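Trainee: Here is what each chain is made of, one letter per residue.
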Amino acid sequence: MTFEPQVLAFCCNWCGYSAADQAGVAKLEYPAGVNIVRLMCTGMMDPYYVLRAFERGFDGVMVVGCHIGSCHYKSGNLQARDEMARVTTVLRALGLGEGRLVMDAASASEGSRFATLANEFVEKMRRLGPSPLREVVAR
Amino acid sequence: MTGQRKIGVFICHCGGNISDVVDVKAVREFAEKEDDVAIATDVRFMCANEGQERLQKEIREKGLDGVVVACCTPKMYEDLFRAKAAEAGMNPYLLEIANIREQCSYAHRHEPDKATAKAKRIVKGQVEKVRRLKPLEVKTAAIQPGVAVIGGGIAGIHASILLANLGHKVTLIEKSPTIGGNMARSVKTFPTDDCAMCTLSPKMNEVYNHPNVELLTYAEVKEAKRSPGKWTLTVEKKPRYVTDACIGCDRCTERCPVSTAKSPIQVDSEWDQGLAKRKAIYLPFPQALPQIWTIDPDHCFYFLKNGACRVCSMVCPAKAIDFAMKPETATVEVGAVIVATGYREYDPTPLAHYAYGRHPDVVTQMQFARMLDPMGPTKGEAVRRSTGKPADTIAMVQCVGSRGAPGDPNVHEYCSRVCCMVAVKHAQLIKKARPETEVYILYNDLRAYGKGFEEYYARSMELGVKYIRGLPGTVTPDGGKVLVDVDDMLTGRRLRIPADLVVLSAALEPNPVEGLLASLHLDRTADGFVKEYHAKINPTETAVKGVFVAGCAQGPKDITDTIAQAGAAAMSAAVFLGSGQMTLNPLVAEVDPALCRACDRCTEVCEFDAVHVDPDSLVAVIDETACTGCGKCGVVCPTGAISVRQFTKPQILASIDALAPMAVVP
Chain A
1 MTFEPQVLAF
11 CCNWCGYSAA
21 DQAGVAKLEY
31 PAGVNIVRLM
41 CTGMMDPYYV
51 LRAFERGFDG
61 VMVVGCHIGS
71 CHYKSGNLQA
81 RDEMARVTTV
91 LRALGLGEGR
101 LVMDAASASE
111 GSRFATLANE
121 FVEKMRRLGP
131 SPLREVVAR
Chain B
1001 MTGQRKIGVF
1011 ICHCGGNISD
1021 VVDVKAVREF
1031 AEKEDDVAIA
1041 TDVRFMCANE
1051 GQERLQKEIR
1061 EKGLDGVVVA
1071 CCTPKMYEDL
1081 FRAKAAEAGM
1091 NPYLLEIANI
1101 REQCSYAHRH
1111 EPDKATAKAK
1121 RIVKGQVEKV
1131 RRLKPLEVKT
1141 AAIQPGVAVI
1151 GGGIAGIHAS
1161 ILLANLGHKV
1171 TLIEKSPTIG
1181 GNMARSVKTF
1191 PTDDCAMCTL
1201 SPKMNEVYNH
1211 PNVELLTYAE
1221 VKEAKRSPGK
1231 WTLTVEKKPR
1241 YVTDACIGCD
1251 RCTERCPVST
1261 AKSPIQVDSE
1271 WDQGLAKRKA
1281 IYLPFPQALP
1291 QIWTIDPDHC
1301 FYFLKNGACR
1311 VCSMVCPAKA
1321 IDFAMKPETA
1331 TVEVGAVIVA
1341 TGYREYDPTP
1351 LAHYAYGRHP
1361 DVVTQMQFAR
1371 MLDPMGPTKG
1381 EAVRRSTGKP
1391 ADTIAMVQCV
1401 GSRGAPGDPN
1411 VHEYCSRVCC
1421 MVAVKHAQLI
1431 KKARPETEVY
1441 ILYNDLRAYG
1451 KGFEEYYARS
1461 MELGVKYIRG
1471 LPGTVTPDGG
1481 KVLVDVDDML
1491 TGRRLRIPAD
1501 LVVLSAALEP
1511 NPVEGLLASL
1521 HLDRTADGFV
1531 KEYHAKINPT
1541 ETAVKGVFVA
1551 GCAQGPKDIT
1561 DTIAQAGAAA
1571 MSAAVFLGSG
1581 QMTLNPLVAE
1591 VDPALCRACD
1601 RCTEVCEFDA
1611 VHVDPDSLVA
1621 VIDETACTGC
1631 GKCGVVCPTG
1641 AISVRQFTKP
1651 QILASIDALA
1661 PMAVVP
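Protein chains in written order, with the numbering used here: chain A, 1 to 139; chain B, 1001 to 1666.
If you're looking for bench data, these hints aren't it; they were derived computationally from the structure.
These numbers were taken from a predicted model, which means no experiment stands behind them.
Every residue gets a Cβ at the ideal spot worked out from N, C-alpha and C, and that includes glycine.
There's no promise every hint is true.
[As the list claims (entries may be wrong)] Listed next, the in silico DSSO-like pairs over lysine-lysine satisfying Cα-Cα at most 27 Å (straight line): (1) K1225/B / K74/A; (2) K74/A / K1075/B; (3) K1139/B / K74/A.
[To be verified] In silico contact screen, one side only, chain B against chain A (beta carbon under 7 Å); selected entries: (4) P1112; (5) R1493; (6) V1635; (7) T1639.
Excised from the complex, chain A in its bound form (with noise of 0.2 Å):
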């Protein structure tokens, strides 16, 4: 069987995931194995809800939030963006380090620019295959 990464992608909601909604819209196509949660703001995106992603065998988890200046609450971006940086450090000592968490944004408008990351987020999972931890938590 072929291997499809499963990725967790937290978008906020006035940006994230409204490009998500604007790529579905426009028809952009990305893969079925990136699944979406919604929150307000990336600002609520907790370092544990990484560390869970993983833990429930997800290969690779994405936050999507507004572009650096442009946060709906000021500077919800800029908090995730320190605290996804700290659980970056824990996920390099659970070997999870090779860019399997990343913070980027998309404007409401950037539907083509939510494809592309998702894409292009899934294709490098792809090459890095299965999360280590998957086998450890089927064990």
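Add chain B to chain A, keeping to what the hints say.
Mentor: Same frame as chain A, now just chain B:
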């Protein structure tokens, strides 16, 4: 856990948009077996009446206490479905949307099997979330009647009149002794050359005499406090030392010794931009409102010399002088606030190559406007300040302090928008009054963007105004002249203009009202102007509920645009006030007092001053009118005491688990 809740799952075909890709029946059969799902059904169009009737019927008949509608993005119909659910007796916040159109059938339309599997995961994710949702109480707060307008320039005046005409009680607060603002100084207005005062003065009178307007002049907002539906402004009224018994006879000003030839104290007139002096007791300008004189205690002999001079008091026939007057504090309680604090002219002194402040024959456009006023310091004539003789050659320099290099602390990066037309206007006025005058406008780009502007600009060229593309490198006083050296970019020639008067088209910059803005929780954009809610589609609203912005406080604009925006701000305020009550968004942070340790982490990260630690109970308290529900606090809270409703950790974790690869058995 099964049996705790009764959840209904409604899967929309979207007339094929979903069902052509996703196997709706399979999703329905999958959903039926999920925990707590009492009913799963599929509907052709959830957004049509049939769908909503079905939703309401099932809620009523099955007593549903949770609903997942699997359809298009929540941005489309979440509000509608929640309202319909509420009508049917269910708490609206127990309804969630599973987005299986934009984020599934549309995005994976060539992979129906995978799309169907994903749709199942999405539905499961939302069912798991709904299982953990709690009903939310929608709180409302009555909006305090009344509106405060801060700033008595044309923006504030216009907004006040409109709101007052609609029956709202308006408190118009102006910092200086009179209303009128910068427009009052402008002499004529482009592109029609109307007399500024002739158009402004009737509006000043209207607002001054309006029964619904309380006017507080010489008054400043010291603090603004927010509570649900209400702003409480603390306004300090400075003492004028002249009571309203003043009859406007001007005898006090005539006799005041300050600024007379022999006086050691000379005061620059704010009204005349330093081109004339004023007395210590004064009326800013003849049409000023209210017509009550003001004593400037910083320059009055009575205050400076221990009561040595009382001339004004002695000559006043109305006994209106009261040296014992003290500052007063007024409390203004309103539901809405319009910020119309306007602009001031940029001070070009830091641009040393323009010699402003070093030579009297280098002035700004605002000073020049005062010269062109028939009532002004030079009686309407463009004269050399150094000699008092008419200026035969005038060079105007554009973009002074505007459109500067990014990061240069001495200048602004933005375009001030009005200076091009101000220069065209002033150049024309001179050419009309004294055609033999040579007028040069040295520009970078001439922006004649408004209605009638291009024609106005063309007319100025017919009148003989000379346009040179290029900004001067140096402005050098030399003998009786001011030499302006400029490279003409269109001809490649270097020109030296021996000017009698150099007029700098200085930038518009926001009035320094940082304290007020901070008190109102308003942000500024990088250029220092008030940040609007959305630069494109909400230019009069701000991110703070009940606070609106009008005029140059929001960004440089001409009088036409200021009036239009002031009208829009008044309308926005009227709609807000007219609703009578505001709904408080329930999707905001909530504190579990049992877990809170009062560590202040949440208050540190909150951008909206929406949370503070109560000093008595030592528990964080949320201001639900201020909280926006961004959830930053929940991440930094070390004990998990604080979280945003419907986005709590257990709720989000349930969604993660449900979407996980191993969760769904195909």
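Trainee: Under 7 Å, Cβ to Cβ, is where T1639/B needs to be relative to chain A, so tell me if that hint holds or is violated.
Mentor: Status violated, d = 13 Å.
Trainee: Does K1075/B sit within 27 Å of K74/A, going by the straight-line distance between their CA atoms?
Mentor: holds, 21 Å
Trainee: Take a quick look at whether K1139/B and K74/A sit within 27 Å of each other, Cα to Cα.
Mentor: holds, 25 Å
Trainee: Was the hint right that V1635/B lines chain A, CB cutoff 7 Å?
Mentor: holds, 5 Å
Trainee: Checking hints one by one. Is P1112/B an interface residue toward chain A, by the C-beta closer than 7 Å rule?
Mentor: Hint on P1112/B: violated, closest Cβ of chain A at ~10 Å, above 7 Å.
Trainee: CA of K1225/B to CA of K74/A, is that 27 Å or under?
Mentor: holds, 21 Å
Trainee: Is the interface hint satisfied for R1493/B? The criterion is a beta-carbon contact with chain A at less than 7 Å.
Mentor: Hint on R1493/B: violated, closest Cβ of chain A at ~43 Å, above 7 Å.
In summary, the numbered hints that this structure violates are 4, 5, 7.
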